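There are 2 protein chains.
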Amino acid sequence: MSQSVSSKPLVVGLAGMGTVGGGLLKLLRDDRELIERRVGRDIVVRKVLVRNATPERAAQLPEGCELTTDMASLTDDPAIDVVVELMGGTGAAHKLISRALEQGKHIVTANKALLAEDSEDLFQLAREKNCIMRYEGSVAGCIPIVGTLTTPLAGNHIESIMGILNGTSNYILSEMTTNGMDFASALRQAQELGYAEADPTLDVDGFDAAHKLTLLIRLAFGLDYPFASMPVQGIRNMDKRDIALAREFGYRIKLIAEARLHKEADGSTRLEAGVFPALVHHTFLVARVGGVYNAVRLDSDVSGPIFLHGRGAGALPTASVVLSDLLAVARGDTPNNTGYVQAITRASIVPPEDWRSRYYVRVMVSDKSGVLRDLAACMADEDISMAQVIQKENEENVVPLVYMTHETTAQAMSRAMQKVQEAGILMAEPVYYRIL
Amino acid sequence: MSQSVSSKPLVVGLAGMGTVGGGLLKLLRDDRELIERRVGRDIVVRKVLVRNATPERAAQLPEGCELTTDMASLTDDPAIDVVVELMGGTGAAHKLISRALEQGKHIVTANKALLAEDSEDLFQLAREKNCIMRYEGSVAGCIPIVGTLTTPLAGNHIESIMGILNGTSNYILSEMTTNGMDFASALRQAQELGYAEADPTLDVDGFDAAHKLTLLIRLAFGLDYPFASMPVQGIRNMDKRDIALAREFGYRIKLIAEARLHKEADGSTRLEAGVFPALVHHTFLVARVGGVYNAVRLDSDVSGPIFLHGRGAGALPTASVVLSDLLAVARGDTPNNTGYVQAITRASIVPPEDWRSRYYVRVMVSDKSGVLRDLAACMADEDISMAQVIQKENEENVVPLVYMTHETTAQAMSRAMQKVQEAGILMAEPVYYRIL
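Residue numbers (the working numbering), protein chains in the order written: chain A, 1 to 436; chain B, 1001 to 1436.
Chain A extracted, bound-state conformation:
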């Protein structure tokens, strides 16, 4: 299709009519004046692809728009300029986008799983076909992070990205922190409020945050980090005791997604990246992100830290971001200015065992003399020094002993914990988290 900007309506084929798809239809109906003012042309939806074409759904469509259950009817319709993919999942969505690109359609999607796990060929195809792929809705909810990395920050060397990329987990941790709830109750409450799915795996086990981090790594560093190799630890086993104890030290526990570029002595770079719960000092802005909010902190050589904060979840917010992507297409955006990094190379990865960090440790020990001495000996064996120790009061003869370490590697930490367990002084598995 021509890239000159016309005043003809931009014609959309929409795949998926769930909450985000329904929200997009609503915004397109309600915001015609805004759209006209922003881009000087209409945006009309011509076809909506659904699995079940019910009369109830047909009744929600704008005039002149029809339901279809046939993918090709959407991808191959010559009148359609842009396909909006809001089906989710990887298999069918990949097939749809691939076929639409073959037909020269631009793509707007909010599908982070697909983009993180299986999109290399799609971006390649988009380049070949001179088509736009926009996906602001796929990362960090309403925070304009894709646009920020591709345009205003394009002139910076980003050194690290750190953030809270999953609103559901953050809601659960916030409730555990503020109201002293345990994990199961906080999860149930999040489900009742519609913040968590019936199967919360993607959210609470960290995979959703890892999907988003994979996309941010590509945009910020021009590096490909294979999703399957990313270290991911979620919050399913989070004990409310640790949240309370961390607070006594002045910290909040957050599910952190982090990627950090290391410059090696020989001029090469290696990437450290992963998702993990960590203690964040309460004076940091990231510690103050509450509820379903997301936040991203970017550090760059020239600009210093930039912190972005906004809602991380919700159908209508996501729909509004998808609409913004559509506006960019309507405005005559071209593939060249959507900010693809021109050359993506495979990242050289810092092995997780080499990561350096301070640690918070909680062990349950019997209230006998000599235990602290034995524990300290195991840590000292690995050259780990203990910075602060709290010994809590007796609970049925088993005492939580909590301490923070000076900086060490994940490997040394893991070996020290192994030794502590072998020393036979623990009454339960040790718990330890990184401190940011």
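To be clear, the hints were calculated from the coordinates, so they are not data collected in a lab.
As the structure is a computational prediction, the values presented were derived from the model and not from experiment.
Beta carbons: idealized from backbone N, C-alpha and C, even for Gly.
There may be inaccurate statements among the hints.
[Claimed, not checked] Only pairs whose alpha carbons sit at most 30 Å apart, straight line, appear in this in silico DSS-like list of lysine-lysine: (1) A/Lys129 x A/Lys8; (2) B/Lys1026 x A/Lys263; (3) B/Lys1129 x B/Lys1008; (4) B/Lys1095 x B/Lys1129; (5) B/Lys1026 x A/Lys8; (6) A/Lys26 x B/Lys1263; (7) B/Lys1240 x B/Lys1129; (8) B/Lys1240 x B/Lys1392; (9) B/Lys1008 x A/Lys129.
[Said to hold, decoys possible] A few chain B residues that face chain A, going by a derived Cβ cut-off under 10 Å, partial list only: (10) Leu1125; (11) Cys1142; (12) His1157; (13) Gly1222; (14) Ala1295; (15) Ala1319; (16) Leu1323.
Chain B: place on chain A using the hints.
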């Protein structure tokens, strides 16, 4: 010039070789690999316009680049694709940009004074000539606010903008808060550190923040607010006592720039906008913005609040933002996708006397009985109720009496203060600030 993307270098004419201009030359030299990776083509500077073409300056130029003192030599050079204006000021910069646009050059500028005060004809001319004007560097330092408002948030109805847009004032207020300095000492320190100009008027009297707010209003609301009519109050008279007293109530005093759209009953909208010192509760993210940092909070109907935080000052950070704008031009950005709001209309303005707010008030009174009663009577006359009162200990018989009011209008507040003064109970001018 053609808008097709080529692999030919993008040729730049640079006007101004101060700290930002020098920083840009440095980044263009150091970041060739980044530029190639981001946009697949070179960016070369062909000419630099300066007032004095000294040999020292000539020595800093890249190969093949020459100094000139003749504006037309820059604007009329057919080899130049884009003119970067970093001279500052309004007169000469306006002439330069106007002439460059006439010659069909794209423009990148960081000149907020010019854009806020005298740019209507320039944007008009850019549209006629199909030229790009980019100006991310002109607002809020490293915070990607122009890009955010024009692209990722384009699908939202923004309802309000609130932020800290001047790094110098924020540095001064932060020092007064953290170290108990008075205004004059904090200003001197800011000057010594290079954060404040020898003439700090633009910064500390609020005009710089007002310039930036004018630009944000245009981008966010599609409204033109005449800069000359904007209510602006700076921090030059800030007394460190008020900063300390505000803290006792749990607040920080910040120089706030705010614009808020009011929907009237008849469907029309009116805009409330201005720059003023205000008390912000310490739990708000905006209260936690320290030093030379800037922050912007956007509220929109769909996305909820979005908060952006980053460095607000510095030559190299601004140069990096200018570079990002150049990358967008190099990438084949077109005038249509730089996010001009298509129709700018004159804002209907809420008169400052109608603004509603809670207030912090400090009056100096003699330590006699009946004073509080008389004061409360003056407030009650204007239907202003007092929420919290602190009476401080005696200082040479003159006592600061501090209170916070419930919400009232600026007009009622001003009349009440007038009455208090007429009642003859004050030993000094009253001080009052809005509470956000």
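Discussion item. For each hint given before, does the structure comply? Return the numbers of the non-compliant ones in rising order.
Written reply: Going through the list in order, the structure violates hints 5, 7 and 10 and respects the others.
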